[in-house]
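Fit chain B to the supplied structure of chain A, relying on the hints for placement.
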Amino acid sequence: LAKTTQPISMDSYEGQEVNITCSHNNIATNDYITWYQQFPSQGPRFIIQGYKTKVTNEVASLFIPADRKSSTLSLPRVSLSDTAVYYCLVGDNMGAGSYQLTFGKGTKLSVIP
Amino acid sequence: DTGVSQNPRHKITKRGQNVTFRCDPISEHNRLYWYRQTLGQGPEFLTYFQNEAQLEKSRLLSDRFSAERPKGSFSTLEIQRTEQGDSAMYLCASSHPLGLAGESGYFGPGTRLTVT
Chain A
164 LAKTTQPISM
174 DSYEGQEVNI
184 TCSHNNIATN
194 DYITWYQQFP
204 SQGPRFIIQG
214 YKTKVTNEVA
224 SLFIPADRKS
234 STLSLPRVSL
244 SDTAVYYCLV
254 GDNMGAGSYQ
264 LTFGKGTKLS
274 VIP
Chain B
272 DTGVSQNPRH
282 KITKRGQNVT
292 FRCDPISEHN
302 RLYWYRQTLG
312 QGPEFLTYFQ
322 NEAQLEKSRL
332 LSDRFSAERP
342 KGSFSTLEIQ
352 RTEQGDSAMY
362 LCASSHPLGL
372 AGESGYFGPG
382 TRLTVT
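So the sequences go chain by chain: A and B. Positions 164 to 276 (our numbering) are the ones given, in order, by the first sequence. Positions 272 to 387 (our numbering) are the ones given, in order, by the second sequence.
Here chain A stands alone, though its shape is the one from the complex (with noise of 0.2 Å):
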C-alpha cells in the first residue's frame, strides 16, 4: 500500500487559494489519489479524486503531475467552513476485490478570518 506525506497543518486567510500537497512516491500503476474532508465528530467525506493530469469539480482541482509522485489539492478562495482535516489517499479500486484505503493523520486546516 502507497503510503503518503502532508503537511500536518496550514493556517489560510479567507478568499484564499490553499493548495495541499501529498507526496505519494511508491504509488503503483493502478493506484488512484483520493482526497477526504474530515469535520470533527463526522465522518470524511469525498471530495475529489483522479488518476493523472487535472480534475476539477465544484468544490476543488487536483493536480497530478506526470510522474503521479505527488498531487496538490487546490481550494479556491476559502471560508471559514472549510476549516477541517484533509487526508490524501493513494489505493487501488480497480482490483480484483480489494481496496484498502491508508490514511495518514491528514492536513488540518485553519481559515483565518
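These are calculated hints, taken from the structure and not from any lab test. Idealized CB from N, CA, C, for every residue including glycine. Certain hints may be false.
[To be verified] To give an idea of the interface, some chain A residues facing chain B are shown, with a C-beta separation under 10 Å as derived from the structure: (1) Tyr176; (2) Thr197; (3) Tyr199; (4) Gln201; (5) Gly206; (6) Tyr250; (7) Leu264; (8) Thr265; (9) Phe266.
[Said to hold, decoys possible] Sample of chain A residues with no beta-carbon within 10 Å of chain B, all distances over it, derived: (10) Pro170; (11) Asp174; (12) Val181; (13) Lys215; (14) Asp230; (15) Gly269; (16) Ser273.
Below, chain B alone, put in the same frame as chain A:
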C-alpha cells in the same frame, strides 16, 4: 439516496460488555468498509466486504471483533468483551467499482463508542 447511515450514533458501555453497530450503505454500492478512528489520527481500516463476502481483514481486527453483511446489504460490527482501548469512532463506508461514475468510498457519520 440518503447516503450511508450508521446506528447508533453514540454508545456508552461498561468494560466487558458486548456491543453491536449497524451500517446501511448506499443502496447500489456493493462494497462496504469498516474503519476505526481515534482522536487525532486518521481512520484505520478494519475490514472490507464485497457483497456478502468478507474479503479483507486488518490485523487490527482482534478475535473479539466480528463483522457480517448478510445478503450483501446492511452490515453489523460486533465487539465482544469490550476494553477501554476499544473507545473510538467506528466508521462505515461504501462504494461501487470505479469506472461507473468515478466514485470512491462514501463514509457514514460514525458511531462513537465510549467504554467505561
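Results for each hint:
Hint status for A/Tyr176 relative to chain B: violated, with the closest Cβ pair at about 25 Å, above 10 Å. Here the hint on A/Thr197 is kept, as its CB sits about 5 Å from the closest CB of chain B, short of 10 Å. The criterion of a C-beta within 10 Å of any C-beta in chain B is met by A/Tyr199, whose closest approach is roughly 8 Å, and the hint holds. The interface hint given for A/Gln201 is met, as the beta carbon of that residue sits about 8 Å from the closest beta carbon of chain B, less than 10 Å.
For A/Gly206, the interface hint holds, since its Cβ comes within 10 Å of a Cβ in chain B; the closest pair sits about 3 Å apart. At about 6 Å, the closest approach between the beta carbon of A/Tyr250 and any beta carbon in chain B falls short of 10 Å, and the interface hint on this residue holds. Taking 10 Å as the C-beta contact cut-off toward chain B, the hint placing A/Leu264 at the interface holds, the least distance being around 6 Å. The beta carbon of A/Thr265 is positioned within 10 Å of a beta carbon in chain B (closest approach about 7 Å), and the interface hint is therefore held.
Annotation: interface hint on A/Phe266 holds; nearest CB of chain B at approximately 3 Å, less than 10 Å. With a least CB separation of 14 Å from chain B, A/Pro170 remains clear of the 10 Å interface cut-off, as annotated. For A/Asp174, the non-interface assignment is confirmed: its Cβ lies about 18 Å from the closest Cβ of chain B, beyond the 10 Å cut-off. Every CB of chain B lies more than 10 Å from the CB of A/Val181, the least distance being 19 Å, so the non-interface label holds.
The claim that A/Lys215 lies off the interface holds: its Cβ sits roughly 13 Å from the closest Cβ of chain B, which is beyond the 10 Å cut-off. Listed as outside the interface, A/Asp230 is consistent with that label: its C-beta sits roughly 21 Å from the nearest C-beta of chain B, beyond the 10 Å cut-off. Distance check for A/Gly269 against chain B: the nearest CB is about 6 Å away, which does not clear 10 Å, and the non-interface claim fails. The beta carbon of A/Ser273 is kept farther than 10 Å from every beta carbon of chain B, the shortest such distance being approximately 15 Å.
Comparing the model with each numbered hint stated earlier shows that hints 1, 15 do not hold.
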